[in-house]
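Novice: Sequence:
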Amino acid sequence: MPKAELHVHLEGTLDPIAVLELAVRHNRRDALPGADLATLQAWFTYTDFPHFVRIYMTISDLLRTPDDFAYIVYRCGQDMATQNIRYRELTFTPFTHTDYQRKGLTIDALFEGLEAGRAAARTDFGVEMRWVFDIPRNLSFPRTGGYDPFPAERTLEYALRGRDHGVVGFGLGGFEPGAPPEPFAHAFDRAHAEGLLCVPHAGETLGPASVWGAIEALHADRIGHGVRAIEDPALLTVLRDRQIPLEINPTSNVRLHVYPRHAVHPFPHLDRMGIKVTVNSDDPPLFNTTLIEEYQVLATEFGYDVDGLTRIARNAFEVSGAPAPLKAQLLAEFDAWVTQQQELR
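Position 236, counted from 1, in the sequence shown is what the working numbering calls 236; the numbers after and before it change by one each time, with no gaps.
It should be emphasised that the hints constitute simulated quantities derived from the structure, not laboratory data.
Keep in mind that the hints are not guaranteed to be accurate.
Simulated DEER-style distance windows between Cβ atoms [stated by the list, open to error]:
(1) Leu309 <-> Ala119: 28 to 34 Å
(2) Pro149 <-> Pro33: 21 to 27 Å
(3) Pro325 <-> Pro260: 19 to 25 Å
(4) Asp30 <-> Pro177: 16 to 22 Å
(5) Phe49 <-> His262: 15 to 21 Å
(6) His165 <-> Trp337: 27 to 33 Å
(7) Glu153 <-> Pro268: 37 to 43 Å
Where is the CB? At the ideal position from N, CA and C, for every residue including glycine.
Please build the complete structure, drawing on both the sequences and the hints.
Specialist: Here's what the structure looks like:
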């Protein structure tokens, strides 16, 4: 089935092989718990969200040159081709690499690497990628207290400059407790006015209040995660009536202990309520999953049949930020595949 994926972090596409290669390339093997794949796979087991963030930042720090970014983008394209993912919107956090980790990288160097990898993947695999630049929300609340607008303003600057390099969206990621959506309204106001999709994370580690804030303060066109909206009937009505899509990541939610197991995940309930839902893999190697496996979860855990799976898959193309001609092409390709499958039945 041709697929689109809207919620996957570029840095989170690094599999253990790539992590080892980057560590060797930059003589940073001491940053890892070991030099074999089994040890790294065991390392990708998280006690909670902050533990996940610490490992994620360690991996992120291994990306140090434009060639490193070209390498991981190209590998991402290769993975897309393997799974027949025709289009991906990849969330990327430039502030981490240019300002926070102080690796000597400029935004122009990042664009160089991202674009080289994207162009090579398009040529070799025929896949399309676009970018969502997201604010690292926790870096906006220093330990001294208060809100620092600089990470949001710098990320917005990068996103606006990146529109010619495939940036279609503006996001907000990280650990929600202590970092609510509302202070970021100044950046999302301008992003919205400039025509970027507003796609903040909300309703993952915190409940409905976070989703309300993303909708009312941040002009959310889509919500990253949003699953805990299930706890507020009034919020569910707003999501349904306004058709604000949710980028849902079932296995990620289980691995990070948002829900104890797939069987109690609210995905099918949100869908039955008429909310526009999509399925995604978030940080696939870090959660030991793939987009194909997420669709298998829908089938085996939630009881979706072929028609249900194709309906969910089409949602992702429909609500993507792909430019209109590309979106029309992708939808036509998907619909032709569905028609062919129906005829074969």
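Novice: Would you mind marking each hint as holding or not holding in the structure?
Specialist: Hint by hint, here is what the structure shows:
1. Leu309 <-> Ala119: 28 to 34 Å: 32 Å, holds
2. Pro149 <-> Pro33: 21 to 27 Å: 36 Å, violated
3. Pro325 <-> Pro260: 19 to 25 Å: 44 Å, violated
4. Asp30 <-> Pro177: 16 to 22 Å: Once the Cβ atoms are compared, 31 Å apart, the range 16 to 22 Å for Pro177 and Asp30 is violated.
5. Phe49 <-> His262: 15 to 21 Å: Since Phe49 and His262 have Cβ atoms about 18 Å apart, the given range 15 to 21 Å holds.
6. His165 <-> Trp337: 27 to 33 Å: Given a distance of about 30 Å, which is inside 27 to 33 Å, the answer is holds.
7. Glu153 <-> Pro268: 37 to 43 Å: 40 Å, holds
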